[in-house]
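There are 2 protein chains.
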Amino acid sequence: MRTASLSVIEDGGVTTASGFRASGVHAGFRMNPHRLDLALVVADEPCATAGVFTQNVFCAAPVRRNRRLLEGSVQGQCFGMMRAVVVNSGNANAATGEAGLAAAEEAGQIVADALGCPPDEVLVSSTGVIGVPLSMEAFQTGAPAAASLLARSGGHDAACAIMTTDTRSKECAVSFMGDSIGYEGCTFAVGGMAKGSGMIMPDMATMISVITTDAPVKPYDLRQALKRATDVSFNKVTVDSDTSTNDTCILMASGAAAPEGSQPFEPGSRAFALFEEALEQVCVDLARQMAKDGEGATKLVDVHVRGAKTDADADAAARTVANSPLVKTAIAGHDANWGRIAAALGRSGAEFRQEDVSISIMGIPVCEKGLALAFDEDAALAAFEDAEIAIDVDLGAGEAETTVWTCDLTHDYITINGDYRT
Amino acid sequence: MRTASLSVIEDGGVTTASGFRASGVHAGFRMNPHRLDLALVVADEPCATAGVFTQNVFCAAPVRRNRRLLEGSVQGQCFGMMRAVVVNSGNANAATGEAGLAAAEEAGQIVADALGCPPDEVLVSSTGVIGVPLSMEAFQTGAPAAASLLARSGGHDAACAIMTTDTRSKECAVSFMGDSIGYEGCTFAVGGMAKGSGMIMPDMATMISVITTDAPVKPYDLRQALKRATDVSFNKVTVDSDTSTNDTCILMASGAAAPEGSQPFEPGSRAFALFEEALEQVCVDLARQMAKDGEGATKLVDVHVRGAKTDADADAAARTVANSPLVKTAIAGHDANWGRIAAALGRSGAEFRQEDVSISIMGIPVCEKGLALAFDEDAALAAFEDAEIAIDVDLGAGEAETTVWTCDLTHDYITINGDYRT
Numbered sequence: 001m002r003t004a005s006l007s008v009i010e011d012g013g014v015t016t017a018s019g020f021r022a023s024g025v026h027a028g029f030r031m032n033p034h035r036l037d038l039a040l041v042v043a044d045e046p047c048a049t050a051g052v053f054t055q056n057v058f059c060a061a062p063v064r065r066n067r068r069l070l071e072g073s074v075q076g077q078c079f080g081m082m083r084a085v086v087v088n089s090g091n092a093n094a095a096t097g098e099a100g101l102a103a104a105e106e107a108g109q110i111v112a113d114a115l116g117c118p119p120d121e122v123l124v125s126s127t128g129v130i131g132v133p134l135s136m137e138a139f140q141t142g143a144p145a146a147a148s149l150l151a152r153s154g155g156h157d158a159a160c161a162i163m164t165t166d167t168r169s170k171e172c173a174v175s176f177m178g179d180s181i182g183y184e185g186c187t188f189a190v191g192g193m194a195k196g197s198g199m200i201m202p203d204m205a206t207m208i209s210v211i212t213t214d215a216p217v218k219p220y221d222l223r224q225a226l227k228r229a230t231d232v233s234f235n236k237v238t239v240d241s242d243t244s245t246n247d248t249c250i251l252m253a254s255g256a257a258a259p260e261g262s263q264p265f266e267p268g269s270r271a272f273a274l275f276e277e278a279l280e281q282v283c284v285d286l287a288r289q290m291a292k293d294g295e296g297a298t299k300l301v302d303v304h305v306r307g308a309k310t311d312a313d314a315d316a317a318a319r320t321v322a323n324s325p326l327v328k329t330a331i332a333g334h335d336a337n338w339g340r341i342a343a344a345l346g347r348s349g350a351e352f353r354q355e356d357v358s359i360s361i362m363g364i365p366v367c368e369k370g371l372a373l374a375f376d377e378d379a380a381l382a383a384f385e386d387a388e389i390a391i392d393v394d395l396g397a398g399e400a401e402t403t404v405w406t407c408d409l410t411h412d413y414i415t416i417n418g419d420y421r422t
Numbered sequence: 001m002r003t004a005s006l007s008v009i010e011d012g013g014v015t016t017a018s019g020f021r022a023s024g025v026h027a028g029f030r031m032n033p034h035r036l037d038l039a040l041v042v043a044d045e046p047c048a049t050a051g052v053f054t055q056n057v058f059c060a061a062p063v064r065r066n067r068r069l070l071e072g073s074v075q076g077q078c079f080g081m082m083r084a085v086v087v088n089s090g091n092a093n094a095a096t097g098e099a100g101l102a103a104a105e106e107a108g109q110i111v112a113d114a115l116g117c118p119p120d121e122v123l124v125s126s127t128g129v130i131g132v133p134l135s136m137e138a139f140q141t142g143a144p145a146a147a148s149l150l151a152r153s154g155g156h157d158a159a160c161a162i163m164t165t166d167t168r169s170k171e172c173a174v175s176f177m178g179d180s181i182g183y184e185g186c187t188f189a190v191g192g193m194a195k196g197s198g199m200i201m202p203d204m205a206t207m208i209s210v211i212t213t214d215a216p217v218k219p220y221d222l223r224q225a226l227k228r229a230t231d232v233s234f235n236k237v238t239v240d241s242d243t244s245t246n247d248t249c250i251l252m253a254s255g256a257a258a259p260e261g262s263q264p265f266e267p268g269s270r271a272f273a274l275f276e277e278a279l280e281q282v283c284v285d286l287a288r289q290m291a292k293d294g295e296g297a298t299k300l301v302d303v304h305v306r307g308a309k310t311d312a313d314a315d316a317a318a319r320t321v322a323n324s325p326l327v328k329t330a331i332a333g334h335d336a337n338w339g340r341i342a343a344a345l346g347r348s349g350a351e352f353r354q355e356d357v358s359i360s361i362m363g364i365p366v367c368e369k370g371l372a373l374a375f376d377e378d379a380a381l382a383a384f385e386d387a388e389i390a391i392d393v394d395l396g397a398g399e400a401e402t403t404v405w406t407c408d409l410t411h412d413y414i415t416i417n418g419d420y421r422t
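Residue numbers (the numbering used here), protein chains in the order written: chain A, 1 to 422; chain B, 1 to 422.
Read the hints as simulated data drawn from the structure, not as lab findings.
Quick caveat, the model's predicted, so the values are computed rather than measured.
Treat the hints with care, since some could be wrong.
Which copy is meant is left open, so a pair is good if it fits within one copy or across any two.
Stated by the list, open to error - Straight-line alpha carbon distances no greater than 25 Å define the calculated SDA-like cross-link-like pairs of lysine to any residue that follow:
1. K218 with A372
2. K369 with M136
3. K309 with P365
4. K369 with E106
5. K227 with E266
6. K369 with N32
7. K369 with D120
8. K309 with L69
9. K218 with V132
10. K218 with R30
11. K369 with S135
12. K369 with T187
13. K218 with T402
14. K369 with L101
15. K218 with E137
16. K369 with E105
17. K218 with Q263
18. K369 with V129
Between the sequences and the hints, there should be enough to build the whole structure, so can you do that?
So, in structure tokens, the structure goes:
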């Protein structure tokens, strides 16, 4: 997907785009005093902001509040003008009822006071344990501390502060030049951070991502771009209907890289297309980082399905393979057990005939036209040493295709999740 | 569900009903010479037989053959008159193409020759590895041996011979008296065997069950009764659309316990109702045995959902909880983590409001009206020592309810499935 027009920015993240500062502090949501647990991302000015949120009925209090604040002029869409996003880790503020909603409001007020802006310009996100009251004390201590540390160089601390069972922070950024798109001399950036480590399973832990850009984009257009980008990235790691109680992706556009008074990128223009390409690349990169850091994971798995009759069939087939515990344990065991892939395809609901299906693992054909192929088991074993495993399926039923990302299923997943709350 | 009219028969199984003999031998599908791998269940006379089979697109060759043989006079229904069922373990004869279909036919012929009956009266089932040619040699050796060992006492050997990763054989039988239903002096039995140990996950290993009865029931009525019984038993452990390539449940009715020339049980009669009750109890018992013996399982988990708006909602909610790896790992870790149950309910697609939901674990209320309840953590920990864990959910949205069975998710699941084929 990468074009020559986009450049990856080394060590890029949520403060790569101009017009944003960030910080991460230990506020006290967690016991461990060395663990950052409050992240703040702040725009220099109120700026265009869009959000995509969980569809879970048990959606958390902060998600409800964010939806209300971002309710744009178009029904049900989530966009508006915002100054800041604050994220706490360690407590999800979910299943907390009216008290939880009040806590989310109060948290927004505390952060707004620390920043000197209206509370309705502050989005609040939470991730962690469900059903436990959110500590206001931690916000009272943490918000002023975080505000005082805000810096252009604070992106990494913010990315660390939103981690839960993640083993590493997830950040990336890309840039593109304005010369060929009517913004001579300008360089635009899109960058972001994400957390989400339980993405290994359909009922993963919370995913939270904050992305910023200094391209000039209007709130409604930002929302459209975000929806498209999340559909081919974060939503290819997990299903919409499989979201957790807190899943959140927020995108802010400062426009700071464009000359003052210049026109925003218009949908349909080359500038907007380039922006969307950059946004998609950032989202896909963060999504793959999440899959790779799945709880207990040792492998990133790319499941590519082509030859499907419809897009929905491609998606169902790829997801069913990607979610199959039997496929995931086989990969952990370095076992090219394509029978489990076939069984998953067969129950996916996708329309195809078994005698038309071909499957490759790491480029090694293992099943052709529904039948086993003899393959070099030693070569397959060697291929499994790679940290990224590719599964390619051709359903032989049409032209649609998609890729879904997942990881292997290991003993460590059980250890992490059998002993999380205690 | 048990009524005073039904008696559980200790050590009962697939040969408890009169008119049936069975055996289990080592035929050579497996390397280990001490492991039985060929089961034979034979009726003294051709008798009414019904089958329910996997919906998986990658359905195995023997399933295709059985469907063809059992195609009754009513379109798409599976019933007919049969003499025998043979089951081999160690090889699924799935994803084997035309050669696999020919192998299934040949296996039927070999067994028919050993029994002296037409091949079209012999159903063949297979379970094991996918994509490997079925050994005819093993049938040639095993079929005569199994035929020579057929006995009224052979049910347990047969039940052992169909095991794959099962840690114990699964058998049960119940009986009911004919006096109050117009069959004075008669005692009828329904009994069966099952295998299926990967039922812990939606893409489980194969489930195979053979059930017999000596009640007189016509093939079409038998099929209707079997469909109803599997819907509330085996299909509550796994979803229809989540079946493996080989899932099979066969029910044979000899009528041998009724006086010669007597009328078959008529649908709508008290006799038929009692038969259906007995069949359901056998199916539920076998289904729970399967869930309890899920790969790596230490607990049987009953997920009971009530207060759902529709039956479909109850089913979706219960299944989503039962299939949630996060819920299952929490149970393995003795953790009353109801937040994971709430998150699963929220993404199940069932219609409800979070403020109407209540959840109990082992009878201990942990969530009421969507909010956390303080509960005695020590009492909860003690309750988790039980081998059977009860999760009760009230969605507060209607009157529908259901129960789904599953098991916990442990390290042993990973060990078994990360190292199965090698």
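Hint numbers contradicted by this structure: 1, 6, 7, 8, 9, 10, 12, 13, 15
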